[in-house]
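The whole structure should be built from the sequences, with the hints applied where relevant.
To convert, note that position 241 of the sequence shown is 241 in the working numbering; the numbers rise steadily by one, no gaps.
Take the hints with a grain of salt, since some may be wrong.
[Stated by the list, open to error] With a straight-line cut-off of 30 Å between C-alpha atoms, the simulated DSSO-like cross-links for lysine-lysine are:
| id | residue 1 | residue 2 |
| --- | --- | --- |
| 1 | 203 | 77 |
| 2 | 77 | 267 |
| 3 | 209 | 267 |
| 4 | 209 | 84 |
The hints are simulated quantities; they were obtained by calculation from the structure and are not laboratory data.
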Amino acid sequence: MKLAPELTSILITLLVGLSSLAQADQRSAAGATRTSVDYGELPLLLDLRDDFVTIRYTPGSLDRAARLQVAFRDLVKNLSLWTKQPRASIVYLLSREEWLRLGVASPYGFPGIMAGNRVVLPAWGDAETAKSWRGYLGGVLPSVNKRNSLRGTPDADASLVASQLISEVAVARVHLSQSGIVGTEPWVDPFVAHLAVVSSWSKNKDPRKTEVAKIYSRISQSAGGAGAYSFYDYAPGLPPEAWLWYQAQFFEGAVRLERRRGWPVIKSVIKRGSKRGGTLRAEELLARFPELVIWQQEVFSDWR
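Shown next as structure tokens:
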């Protein structure tokens, strides 16, 4: 079974997802980091620059770098406005060999976070990323147009499309972290990053939300569906399938809140944190937005 071509197109422009994602996730199996890195270990990287997103890419991956830059630009623009802290995002696009050389702890095919809050993404898919993502997606990879193939087999390229779901959230979370917006409980940072992405799509009238929801639904179902994990067990060290399940639930909660309150809700959340020196208190979010309590009760095992 293959996904519709239009879904593939939507996902390819998505290129993004989750991980300065808070210091907690940065050390997790699916979103880890190193505390110090010598970027001089990568002397051959090329730069694709603009005012909002700079992609440092391995030779041969310019097409993917250009797509990523376009996909991230509106999000970074919006976050710069909402946090009132304009800053450019720097993203590294690496081969598997470069990934291993730098010691990125995240599996190749996931976003990683390196020292200096640099998002690190895979430049290409391969047989291993295809196998992993087929499992995370319940046995089905997105279809890809062979004429738009970046490199390798269609399945390898399709695994990149799937992994790009979480890359935009990674960019959002790094930006929020650099702006000093940090939650008091582990779930707050990834949730707010999802909310930023969803709100940015709505603000810019981007149609991706519905189709992306289908992909997250498949990720969730593949890992056990609603109630598979506890709300309180989200923590460092989760295996990739569990980490992805939680991202699917955070996305669902963000969609519910944005649908009920409108995209400016992200500005309200960021402002709430800014008033407290950047601290977003979990209990205050739940009290201020009771729809989040309903979300908790419907998707996590603690209330089922």
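Here is how each hint holds up against the structure:
no.: 1; hint: 203 with 77; result: holds, 12 Å
no.: 2; hint: 77 with 267; result: holds, 14 Å
no.: 3; hint: 209 with 267; result: holds, 19 Å
no.: 4; hint: 209 with 84; result: holds, 25 Å
In this structure, none of the earlier numbered hints is contradicted; all agree with it.
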